[in-house]
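A.B. asks: Make the full structure from the sequences, and use the hints.
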Amino acid sequence: MPTLAITNFNIVLSVLGGWISLFGLVSYLCKESYYMSEAFISLLVGVAFSPHAANFIRPLVYAGGDPLTLQEITLAFSRLVLGVQLVLAGVQLPSRYLRQQWRPLSALLGPIMAMMWIATSLLVWALVPSFGPDGIGFLKALVVGSCVTPTDPVLSNVIVKGRFADHNVPKELQRIIVAESGANDGLGYPFLFFALYLIKYMGHDYPGDGAGAGRAMALWFYETWVYIIILSIVYGAAVGWLAKELLHWAEERKFVDRESFLVFAISLALFITGTCGMIGSDDVLACFIAGNVFTWDDWFRLETLDDSLQPTIDMLLNVTIFMWYGAVCPWDSFLHNHAGMQIYRLIVLGILVLLVRRLPWVFIAHKIPWGRKMIPQIEGTKQAIFVGFFGPVGVSAIFYLYITLEFLRNMMEGTDGGEPREDVRDLAETVQVVVWFIAVCSIVVHGLSIPVGKLGFHLPRTLSKGLKSGTATPTRSVVLPDSRRSSGGPLPSFNIGSRVNTLITGIRHRRSRDVMDDAERNGEVSDSSQQGGIPLTRPVYKIGGTIIRNPPTNSDTDAADPEMQEQGVVTIVNGKNPSPSSASSSNTTLEEAKRGRGVSTTPAAREAVASKSHSRAPGRSIRFPDDDDNSDGGVAGSVPTLVGENAATATAGVKQ
Numbered sequence: 001m002p003t004l005a006i007t008n009f010n011i012v013l014s015v016l017g018g019w020i021s022l023f024g025l026v027s028y029l030c031k032e033s034y035y036m037s038e039a040f041i042s043l044l045v046g047v048a049f050s051p052h053a054a055n056f057i058r059p060l061v062y063a064g065g066d067p068l069t070l071q072e073i074t075l076a077f078s079r080l081v082l083g084v085q086l087v088l089a090g091v092q093l094p095s096r097y098l099r100q101q102w103r104p105l106s107a108l109l110g111p112i113m114a115m116m117w118i119a120t121s122l123l124v125w126a127l128v129p130s131f132g133p134d135g136i137g138f139l140k141a142l143v144v145g146s147c148v149t150p151t152d153p154v155l156s157n158v159i160v161k162g163r164f165a166d167h168n169v170p171k172e173l174q175r176i177i178v179a180e181s182g183a184n185d186g187l188g189y190p191f192l193f194f195a196l197y198l199i200k201y202m203g204h205d206y207p208g209d210g211a212g213a214g215r216a217m218a219l220w221f222y223e224t225w226v227y228i229i230i231l232s233i234v235y236g237a238a239v240g241w242l243a244k245e246l247l248h249w250a251e252e253r254k255f256v257d258r259e260s261f262l263v264f265a266i267s268l269a270l271f272i273t274g275t276c277g278m279i280g281s282d283d284v285l286a287c288f289i290a291g292n293v294f295t296w297d298d299w300f301r302l303e304t305l306d307d308s309l310q311p312t313i314d315m316l317l318n319v320t321i322f323m324w325y326g327a328v329c330p331w332d333s334f335l336h337n338h339a340g341m342q343i344y345r346l347i348v349l350g351i352l353v354l355l356v357r358r359l360p361w362v363f364i365a366h367k368i369p370w371g372r373k374m375i376p377q378i379e380g381t382k383q384a385i386f387v388g389f390f391g392p393v394g395v396s397a398i399f400y401l402y403i404t405l406e407f408l409r410n411m412m413e414g415t416d417g418g419e420p421r422e423d424v425r426d427l428a429e430t431v432q433v434v435v436w437f438i439a440v441c442s443i444v445v446h447g448l449s450i451p452v453g454k455l456g457f458h459l460p461r462t463l464s465k466g467l468k469s470g471t472a473t474p475t476r477s478v479v480l481p482d483s484r485r486s487s488g489g490p491l492p493s494f495n496i497g498s499r500v501n502t503l504i505t506g507i508r509h510r511r512s513r514d515v516m517d518d519a520e521r522n523g524e525v526s527d528s529s530q531q532g533g534i535p536l537t538r539p540v541y542k543i544g545g546t547i548i549r550n551p552p553t554n555s556d557t558d559a560a561d562p563e564m565q566e567q568g569v570v571t572i573v574n575g576k577n578p579s580p581s582s583a584s585s586s587n588t589t590l591e592e593a594k595r596g597r598g599v600s601t602t603p604a605a606r607e608a609v610a611s612k613s614h615s616r617a618p619g620r621s622i623r624f625p626d627d628d629d630n631s632d633g634g635v636a637g638s639v640p641t642l643v644g645e646n647a648a649t650a651t652a653g654v655k656q
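Read in order, the letters of the sequence shown correspond to residues 1 to 656 in my numbering.
The hints are simulated quantities; they were obtained by calculation from the structure and are not laboratory data.
From a predicted model like this one, the values you see are computed outputs, not experimental measurements.
For glycine and all other residues, C-beta sits at the position ideal for the given N, C-alpha and C.
Treat the hints with care, since some could be wrong.
Straight-line distance between alpha carbons at most 20 Å, and here's what the computed DMTMM-like set of lysine to aspartate or glutamate pairs gives [unchecked claim]:
(1) Lys367 - Glu379
(2) Lys161 - Glu172
(3) Lys454 - Glu32
(4) Lys161 - Glu32
(5) Lys161 - Glu303
(6) Lys382 - Glu172
(7) Lys161 - Asp314
(8) Lys161 - Asp257
(9) Lys244 - Asp257
(10) Lys161 - Asp307
(11) Lys454 - Asp166
(12) Lys171 - Glu32
(13) Lys382 - Asp166
(14) Lys244 - Glu172
(15) Lys171 - Glu72
(16) Lys244 - Asp307
(17) Lys373 - Glu172
(18) Lys244 - Asp166
(19) Lys171 - Asp306
The calculated label-pair distances, taken between Cβ atoms and stated as ranges, are [stated by the list, open to error]:
(20) Ser14 - Thr381: 48 to 58 Å
(21) Leu13 - Leu68: 19 to 29 Å
(22) Met217 - Ala250: 39 to 49 Å
(23) Ile230 - Leu44: 33 to 43 Å
(24) Gly212 - Gly24: 49 to 59 Å
(25) Ile6 - Thr381: 22 to 32 Å
(26) Arg103 - Ile230: 16 to 26 Å
C.D. replies: Here is the structure:
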């Protein structure tokens with residue numbers, strides 16, 4: 001008798017696969033019509049399936065009931081997502097972008113990022129009662145502030161990708177946002193370890209020899225800056241350049257196929273994340289540098305510009321990581337914790353951090369002459385406010401949170417060579433509660449800002465138009481013109497109400513009247529009189545979500561698919577085969593086929609076009625060995641396939 005296998009693995013696969021499939025059905029509607037980020041929606045789904053709700057996703061059970069193991073899993077998952085995201089961010093930047101745009105990047109990553117860190121730390125120091133007014137309390141606040149200082153590249157995608165970005169954000173502004181969010185994720189280490197080393201070597205009752213600010217600054221300089229930051233930059237640049245040259249060499253000799261070529265950047269991200277993790281360097285910054293150096297000559301970026309593999313993997317990682325965050329987030333600690341952080345303090349802190357952390361400093365930098373010269377991509381006040389507000393906190397904050405917890409755990413247990421430190425126990429709990437809450441606030445606020453803003457802009461207009469059209473527009477009958485009539489007689493008329501676009505109709509009627517007046521002055525007869533009073537330029541009628549227009553009056557041969565004509569797929573109209581003599585005398589060429597002569601959009605023809613054009617995207621210069629179409633035994637560049645009866649007869653008249 002078969003038994004059910006309701007294991008954790010099967011449950012996770014069912015939940016994850018089911019959600020990604022359901023979200024895929026409405027993904028365009030959510031992201032391109034309502035401008036809702038997949039991160040925000042996936043976070044809500046993760047909460048719904050977490051142990052706090054449906055209990056389908058049980059992270060602590062997967063970690064064997066050990067909270068430390070759960071922290072290690074979350075840290076590793078965050079490293080993986082950031083590594084892949086930052087390699088892709090570096091790849092999508094144009095050639096030599098970091099060298100050409102070093103001025104705006106230095107302003108954003110230098111004084112503006114430092115002010116973000118200080119402003120956030122001051123807010124935390126003022127609103128967290130357990131830190132106290134002493135110097136060590138401010139150092140603890142600097143630790144919390146450093147975790148949420150970097151902007152998140154995952155959440156930044158909502159303003160640099162998609163229809164909203166294409167219509168509202170200039171391309172240069174999109175690129176500088178991508179570059180900043182990629183670079184400052186790796187540059188969060190100096191801010192974090194500046195405070196951690198001072199706490200470690202300036203804390204009370206620490207008996208180690210040579211303890212003090214001098215030793216802390218020495219470690220901060222040569223361990224953080226030299227070993228973590230500079231080494232990661234050199235390593236990322238070297239690996240990225242070597243990968244670029246090897247891929248060039250393999251492609252020139254036709255050693256690499258199309259699938260391996262497209263996935264090369266993803267595998268590069270995995271390699272750098274693993275190797276940097278083994279040597280203890282900054283894998284996040286190394287991934288971003290490697291991605292940009294990898295496409296330093298713009299070759300790989302242009303060749304993969306129209307391919308969807310990288311965005312697909314990006315989407316899968318984003319959905320999965322935020323579902324995991326929704327399940328592992330310590331929701332109970334927001335209400336009950338030992339750090340003295342009441343929920344009202346967290347709410348006030350979250351609001352102030354989102355308003356004060358970044359917006360004032362970007363705005364001030366734009367207003368002063370030095371800032372406008374350094375960051376020319378921000379062209380106006382609205383753009384300055386936009387860039388200042390959209391500095392989301394997400395995956396990078398959780399990444400630095402668990403690095404902080406690991407460092408503090410070693411201090412509390414004395415595993416770093418010193419004595420156990422109980423005075424940092426409150427810091428571990430406080431930083432976990434505060435960083436998680438600020439990250440959740442940022443995901444919710446930045447995920448809903450654009451849809452709420454769009455709703456507030458369009459809702460009054462929609463209601464006003466609905467009230468006016470419901471009372472002022474009469475119902476009338478429209479008879480279609482002769483061009484819409486079938487051979488069997490006129491089509492029946494249909495009634496329309498308020499769904500006529502009166503603005504477009506009025507404009508087109510005015511244009512038609514001008515044309516009629518000109519025709520009368522020239523002694524010509526207007527065609528509109530022969531169409532029963534229908535104007536020359538017809539109005540647009542909306543029924544549901546479609547626009548009904550008159551079909552083209554040309555024959556079926558004129559309505560052939562342009563892409564099919566371009567591919568040279570020719571068939572005989574109505575399946576009639578011309579005689580060999582007519583085929584040889586007419587000598588139908590490919591250019592005539594491109595003009596639509598003898599072309600039919602039959603399903604067989606479309607299938608032939610799809611098979612021909614499937615293996616190569618438009619504009620790609622690389623031809624992979626597996627791009628050849630062997631379905632009919634031909635090769636690339638052969639004579640176009642003819643579809644229809646007795647195609648062999650007609651093929652003789654087609655010249656390439």
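A.B. asks: If you test the structure against every hint from before, which numbers come out violated?
C.D. replies: 8, 14, 15, 18 and 25
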